[in-house]
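Asks: Listed below are the residues making up each chain.
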Amino acid sequence: MLTQTKQLLQSTGLLDKLSASELLTEKLGEKLEKYIITALANSIPDDKAAELEEKINDDDPKLAEYLKSNVPDYESILQTAVDNFVADAEKTL
Amino acid sequence: MTEGSPEGVPSEELAGADREARLEIMEPKLSPGRERLRGGLFGKKEIILAATLLSLAGNASAETGRHLDSYVDRPIPASFFKPGVDLESLDSDEIVTSYQLEDLLKERLKIKQQGDTAPKVGQGEIKGSILEMNGRKIIDTLKVAIESGDDKNLQLPDSLQGFYKRALKEVEDRRNMETAGRALKGSPAPLERPGGKKRRQGPSHRAPRQGNAGSEIDYLFADKKPKPPRTVGKPVPQRADQEEPEKVASR
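For the record, the sequence lines run as chains A and B.
Counted the way numbering that gives the first Met the number 0 counts, the first sequence spans residues 0 to 92.
Counted the way numbering that gives the first Met the number 0 counts, the second sequence spans residues 0 to 250.
It is worth saying that the hints were derived from the structure and are not from the lab.
Worth double-checking, as some hints may not be accurate.
Restricting the straight-line Cα-Cα distance to at most 27 Å, the calculated cross-link-like pairs of lysine-lysine (BS3-like) are [what the hints assert, rightly or not]:
id, chain 1, residue 1, chain 2, residue 2
1, A, Lys33, B, Lys43
2, A, Lys54, B, Lys28
3, A, Lys67, B, Lys44
4, A, Lys33, A, Lys47
5, B, Lys168, A, Lys5
6, B, Lys44, A, Lys54
7, B, Lys44, A, Lys90
8, B, Lys28, A, Lys90
9, A, Lys54, B, Lys43
10, B, Lys44, A, Lys61
11, A, Lys61, B, Lys43
12, A, Lys16, B, Lys44
13, A, Lys33, B, Lys28
14, B, Lys28, A, Lys67
15, B, Lys43, A, Lys47
16, A, Lys47, B, Lys28
17, A, Lys5, B, Lys28
18, B, Lys43, A, Lys67
19, A, Lys16, B, Lys28
20, B, Lys44, A, Lys33
Listed next, with one range per pair, are the computed distances between beta-carbon atoms [as the list claims (entries may be wrong)]:
id, chain 1, residue 1, chain 2, residue 2, range
21, A, Lys67, B, Glu19, 26 to 36 Å
22, A, Asn56, B, Glu146, 42 to 52 Å
23, B, Glu34, A, Lys67, 20 to 30 Å
24, A, Glu52, B, Glu23, 24 to 34 Å
25, A, Glu74, B, Ser30, 18 to 28 Å
26, A, Glu74, B, Gly32, 18 to 28 Å
27, B, Gly148, A, Glu52, 42 to 52 Å
28, B, Glu19, A, Asp57, 31 to 41 Å
29, A, Glu89, B, Lys28, 14 to 24 Å
30, B, Ser30, A, Lys16, 29 to 39 Å
31, A, Lys16, B, Gly32, 30 to 40 Å
32, B, Gly42, A, Asp72, 19 to 29 Å
33, A, Asn56, B, Glu177, 51 to 61 Å
So, partial list: chain A residues that the calculated Cβ filter (under 7 Å) puts toward chain B [what the hints assert, rightly or not]:
id, residue
34, Leu1
35, Thr4
36, Leu22
37, Leu23
38, Gly28
39, Glu32
40, Ile36
Glycine residues also receive a C-beta, built at the ideal position from the N, C-alpha and C atoms.
So here's chain A without its partners, still in its complex pose (with noise of 0.2 Å):
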């Protein structure tokens, strides 16, 4: 797992909420990351999409700049992918 992504799972607080396992926190760090990135692929507007996937194909240096740029409320957009992310795994387990 990657050390942001177990950064980011431990700040949610569920890891010491279920007792995870570490089989069970790999698991919840996949799914993490897939609500977060599914969440910017659902809110890049239409017009930029392509420039996004250009950049992405191009390994641009500057995707995380460009995402912060161009996903209207980027922040609040990952808040909510994060949130939705603790209530499903909440609701789920």
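Add chain B to chain A, keeping to what the hints say.
Replies: Frame of chain A; chain B shown alone:
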């Protein structure tokens, strides 16, 4: 549509499954036509997750902030300061951490430069606390490297040079205090370390300031240079066999 709500699953199916299996059912909903884009973003997830972490650190609730604080209180991995490695050129997990740290430093400084002395709750305070803890840990880690001689191989980014100088000074001060302590106990202690600086003497020597990484980073990204350390009393003439400060600093 809410981002990432689970698809409907019969509750009886959930009941018998173990937790790991139940988690498989959670699936965020993807808008039509975005499959390829999501696949591409997955290929860049290191960057995206690091950016997410930084963004959320600035918007953390009190509870999230507490968890972040508990995380950053852990030691920075030793590989963060792997000898002989150019930190800027690597993309391993640890190096992403170093980028996060740099971004946090810059962000913190930006808050200061903008004169925002009263940042929003859950923003400046959390970032500040991450910074100060990490700043202290960086210095402590560098001190270990200096004392073991590994610092000769370090290739630190410019933004961490201020921490390095401070760590060097703290190691030097500790050595001086140890030398003074041995002299007080009457054990044979040399007045000068081999090839080193003359031991400081006199009761009014000030101990190094501790635990305020924020002040150290004030000039990391600014043009101004740090003031030289304060000295007490008359300057001691340099002996010919003394090592020059520049040599010490460039170790």
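Asks: Next step is simple, just say for each hint if it's right about the structure.
Replies: Right, here's what the structure says about each hint:
Between lysine 33 of chain A and lysine 43 of chain B, the direct Cα distance comes to roughly 12 Å. Compliance with the 27 Å bound is thereby established for this hinted pair. As the CA atoms of lysine 54 of chain A and lysine 28 of chain B are separated by approximately 24 Å, the hinted pair is consistent with the 27 Å bound. Taking the CA atoms of lysine 67 of chain A and lysine 44 of chain B, the gap is near 15 Å; set against the 27 Å cutoff, the hint holds. At most 27 Å may separate the alpha-carbon atoms for a hinted pair to count; lysine 33 of chain A and lysine 47 of chain A meet this at roughly 21 Å.
Distance restraint check for lysine 168 of chain B and lysine 5 of chain A: the Cα-Cα separation of roughly 35 Å exceeds the 27 Å cut-off, and the hinted pair is therefore not satisfied. For the suggested pair lysine 44 of chain B and lysine 54 of chain A, the alpha carbons sit about 14 Å apart, so the restraint of at most 27 Å is met. The hinted pair formed by lysine 44 of chain B and lysine 90 of chain A meets the criterion: a straight-line CA distance of about 26 Å does not exceed 27 Å. The suggested pairing of lysine 28 of chain B with lysine 90 of chain A holds, with an alpha-carbon distance near 17 Å, which does not exceed 27 Å.
Proximity of lysine 54 of chain A to lysine 43 of chain B is assessed by CA-CA distance (about 11 Å); at most 27 Å being required, the pair is judged to hold. Of the supplied pair hints, the one linking lysine 44 of chain B and lysine 61 of chain A holds, its CA atoms being roughly 14 Å apart against a limit of 27 Å. Taking the CA atoms of lysine 61 of chain A and lysine 43 of chain B, the gap is about 11 Å. The hint holds against a cut of 27 Å. With a C-alpha separation of about 26 Å, the suggested pairing of lysine 16 of chain A with lysine 44 of chain B holds against the 27 Å cut-off.
Note on lysine 33 of chain A and lysine 28 of chain B: the hinted pairing holds, with a Cα-Cα distance of about 10 Å set against a maximum of 27 Å. For the suggested pair lysine 28 of chain B and lysine 67 of chain A, the alpha carbons sit about 22 Å apart, so the restraint of at most 27 Å is met. Restraint check for lysine 43 of chain B and lysine 47 of chain A: the C-alpha separation of about 17 Å stays at or below 27 Å, so the hint holds. Taking the CA atoms of lysine 47 of chain A and lysine 28 of chain B, the gap is about 20 Å. The hint holds against a cut of 27 Å.
With a C-alpha separation of about 23 Å, the suggested pair lysine 5 of chain A and lysine 28 of chain B falls inside the 27 Å cut-off, and the hint holds. With a CA separation close to 14 Å, the supplied pair lysine 43 of chain B and lysine 67 of chain A stays within the 27 Å bound. Restraint check for lysine 16 of chain A and lysine 28 of chain B: the C-alpha separation of about 25 Å stays at or below 27 Å, so the hint holds. At most 27 Å may separate the alpha-carbon atoms for a hinted pair to count; lysine 44 of chain B and lysine 33 of chain A meet this at roughly 9 Å.
Between lysine 67 of chain A and glutamate 19 of chain B the beta carbon distance is about 34 Å. The supplied range of 26 to 36 Å therefore holds. Separation of asparagine 56 of chain A from glutamate 146 of chain B is about 47 Å and conforms to the stated range, judged on CB atoms against 42 to 52 Å. Look at glutamate 34 of chain B against lysine 67 of chain A: about 23 Å separates their beta carbons, and that is inside 20 to 30 Å. Range check, glutamate 52 of chain A to glutamate 23 of chain B: Cβ separation about 28 Å, and the 24 to 34 Å hint holds.
Distance hint check: the CB atoms of glutamate 74 of chain A and serine 30 of chain B are about 20 Å apart, consistent with the given range 18 to 28 Å. About 25 Å separates the C-beta atoms of glutamate 74 of chain A and glycine 32 of chain B, a value consistent with the hinted range of 18 to 28 Å. Between glycine 148 of chain B and glutamate 52 of chain A the C-beta distance comes to about 49 Å, which sits within the given range of 42 to 52 Å. Checked against the hint of 31 to 41 Å, the pair glutamate 19 of chain B and aspartate 57 of chain A passes, with Cβ atoms roughly 37 Å apart.
A C-beta distance of roughly 18 Å is found between glutamate 89 of chain A and lysine 28 of chain B, which places it inside the suggested range of 14 to 24 Å. In this structure the supplied range 29 to 39 Å holds for serine 30 of chain B paired with lysine 16 of chain A, their Cβ-Cβ distance being about 30 Å. About 36 Å separates the C-beta atoms of lysine 16 of chain A and glycine 32 of chain B, a value consistent with the hinted range of 30 to 40 Å. Between glycine 42 of chain B and aspartate 72 of chain A the beta carbons are some 24 Å apart, a value that agrees with the proposed interval 19 to 29 Å.
A beta carbon spacing of about 58 Å between asparagine 56 of chain A and glutamate 177 of chain B agrees with the range 51 to 61 Å that was offered as a hint. Contact between leucine 1 of chain A and chain B, as hinted, is supported at the beta carbon level, the nearest pair being about 6 Å apart and thus within 7 Å. Because the closest C-beta pair between threonine 4 of chain A and chain B is about 5 Å apart, less than 7 Å, the hint holds. For the restraint placing leucine 22 of chain A at the interface with chain B, the shortest Cβ-Cβ distance is roughly 5 Å, inside the 7 Å limit, so the hint holds.
Taking 7 Å as the C-beta contact cut-off toward chain B, the hint placing leucine 23 of chain A at the interface holds, the least distance being around 6 Å. Because the beta carbon of glycine 28 of chain A sits about 10 Å from the nearest beta carbon in chain B, more than 7 Å, this interface hint is broken. Nearest Cβ of chain B to the Cβ of glutamate 32 of chain A: about 6 Å, under the 7 Å cut. The hint holds. A least Cβ separation of about 5 Å between isoleucine 36 of chain A and chain B falls short of the 7 Å threshold, and the interface hint therefore holds.
Violated hints, in rising order: 5, 38; the structure is consistent with all others.
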